[in-house]
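2 protein chains.
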Amino acid sequence: MKFASDYIVGVDLGGTNIVSLLINGEGKVVGKDTRATLAQEGKEKTLSQIVNSVRTVLEKGQSQGISSTSIKGVGVGSPGPLDTKKGIIHFAPNLPGWNNVPLVSLLADQLKLPIFLENDANAAALAEWWIGAGKKVDNLVLLTLGTGIGGGIIIGGEVLHGAWDTAAEIGHMIIHEGGLVCGCGKRGCLEAYASATGVIKRTASLIKAGRKTLLRELVHDHLEDITCELVYRAAERGDELSQRIVEETARYLGIGIASLVNILNPEVVILSGGMTAAGDLLFKPVRKYARKYALEAAIRGVRIVPAKLGDNTGALGAAATVLKRKGWI
Amino acid sequence: MKFASDYIVGVDLGGTNIVSLLINGEGKVVGKDTRATLAQEGKEKTLSQIVNSVRTVLEKGQSQGISSTSIKGVGVGSPGPLDTKKGIIHFAPNLPGWNNVPLVSLLADQLKLPIFLENDANAAALAEWWIGAGKKVDNLVLLTLGTGIGGGIIIGGEVLHGAWDTAAEIGHMIIHEGGLVCGCGKRGCLEAYASATGVIKRTASLIKAGRKTLLRELVHDHLEDITCELVYRAAERGDELSQRIVEETARYLGIGIASLVNILNPEVVILSGGMTAAGDLLFKPVRKYARKYALEAAIRGVRIVPAKLGDNTGALGAAATVLKRKGWI
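As you go down the protein sequences, you meet chains R and U in turn. My numbering puts the first residue of the first sequence at 45, with every later residue one more than the last. My numbering puts the first residue of the second sequence at 45, with every later residue one more than the last.
Possibly wrong hints are sitting among the right ones.
Per label pair, the in silico range of CB-to-CB distance [to be verified]:
hint, chain 1, residue 1, chain 2, residue 2, range
1, R, V263, U, G222, 24 to 32 Å
2, R, K180, U, W372, 24 to 32 Å
3, R, G371, U, W372, 49 to 57 Å
4, U, A48, R, K179, 43 to 51 Å
Rough simulated footprint, nothing fancy, chain R against chain U, three-plus residues with beta-carbon under 8 Å [to be verified]:
hint, stretch
5, 153–166
6, 221–231
7, 254–268
8, 292–302
Derived from the structure by calculation, the hints contain no laboratory data. Think of the CB as a built atom: it goes at the ideal place given N, C-alpha and C, for glycine as much as any other residue.
This is chain R alone, in the form it adopts within the complex:
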């Protein structure tokens, strides 16, 4: 930051909730607002939710003596595809009706502040680079392990956007050509195997093939209730089928990470998202398989670690986008 008295706002625009943070130049949170996105009530409603959320954290700042002139900008992390330069959200799967929305100019009109847009997974990677698990590292890759698999890549301390803001679609690397069908319609994507969706599908197909498992008991035979978390819990309790799924998931992730390491040679690979709650049960075999499948010279010094920033990651990264675009970090 230029001055100790400068502040910024970060907004994480999710399909369910909007999280806004008012932070100082070191990432210290001085105000937070969480509210429903109300995506089903339409675009205008969600826009006013964003504006009100930002105004709320600004008011929280004012009550602590932070004047409006010390607010240097607002960063918004959003699902994509989007255009970070033009500030347009082309389309957002979880926000019905959002087609080519010029979010930056719409928010600038109302908030009278500089607005910056970033892809949500890129923002998460930037946050972890700035003050998280990849602090002081030049090159890192972040994988978000959720319903799907997203990603963010930092190279030389900069977010990799690529030519048309579509870079870091890590979930759609093909690790097994001709393999399982992915949500994107192709076959063999990493996401088809190692996302929560992939884990659940692979588990279900083993159960349907007649394998015995503690999971049946845990969901009282309602197989549709099986979650990724339950699989990890059953594995911890010694369930063989679940242990096999956990081991295979780590292998698929290890293969994907190995390819990323061979291509990008990052110093740190950060895993985030619900599945990382499994801790060592996930990380130990992932590290083993990444080491097995990557080139030794590339993987030797790589750290594969959990994300550090928790629930605030998205909004912190959105705020960091302001600092980045202004050249302050």
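Use these hints to put chain U onto chain R, whose structure you have.
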């Protein structure tokens, strides 16, 4: 270049030949020297071959009125692994006895010029970015299709080195986990399928499985004489087995390129190396499969094209490394 009167030298250090070029700031070649690497005669011999080759092009320059003061530096493109910052070649498969050779300081001592070291595939990518098939493009990927598959990646006009100079090992992306064994010892690497070695192995295994092919005739039943070039020639003549191999090779390359496009979102993908002599027979299906396997938003505007600079690519890229490190391009 800072001044129109500035010149640079680029050296392509290969296992068989050393190519040196004296060029001006626009890449115009004013002197060239090619000589044997004499790798089998040891490191000292090869070092003196490099020094003599550089001195020869400098003399060619002098005879054209280019003074020694206008020579701004020498770039060397070398196989790796190497350390571009420290100027050390750790190891070079084709240069026996080269272990942790401090090439930059050794050459600087003898040539009294600034010396810069770059990985050979990175140098090729830089050359194509500078004055070749990727001119005026910010982001590109180059694949070298030879005995193995190498790569170079340009992001934001800069060579991607990664944390420890091992980035762009594109040939070792895993495209089919558990698949064919690669030269690196792992299974399922792109190189195992789509390098010249991979093409020949896949062809041989189909022939051994009893498939009929024109190739038998072309090599007078000496199957060990089958080359990648012959496979493409037989495919052009309508040989079904060869056509199948050509189509499959394009599919494997398309899958690898799709993953690269999803991860990096480049504007241009450049293919270089012997196999590209096949022209449309290679490029048409490669483009088709890359489009099939990549995300539409990422691949839509990507051009997949042959390299442009031919035999001089390596030395031109080595020279461009000097310009790059000095911040002139």
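Outcome of the hint check:
no., hint, result
1, R:V263 - U:G222: 24 to 32 Å, "holds (31 Å)"
2, R:K180 - U:W372: 24 to 32 Å, "holds (30 Å)"
3, R:G371 - U:W372: 49 to 57 Å, "violated (23 Å)"
4, U:A48 - R:K179: 43 to 51 Å, "holds (45 Å)"
5, 153–166, "violated (count 0)"
6, 221–231, "holds (count 4)"
7, 254–268, "violated (count 0)"
8, 292–302, "holds (count 4)"
When the structure is compared with the earlier hints, violations turn up for hints 3, 5, 7 and for no others.
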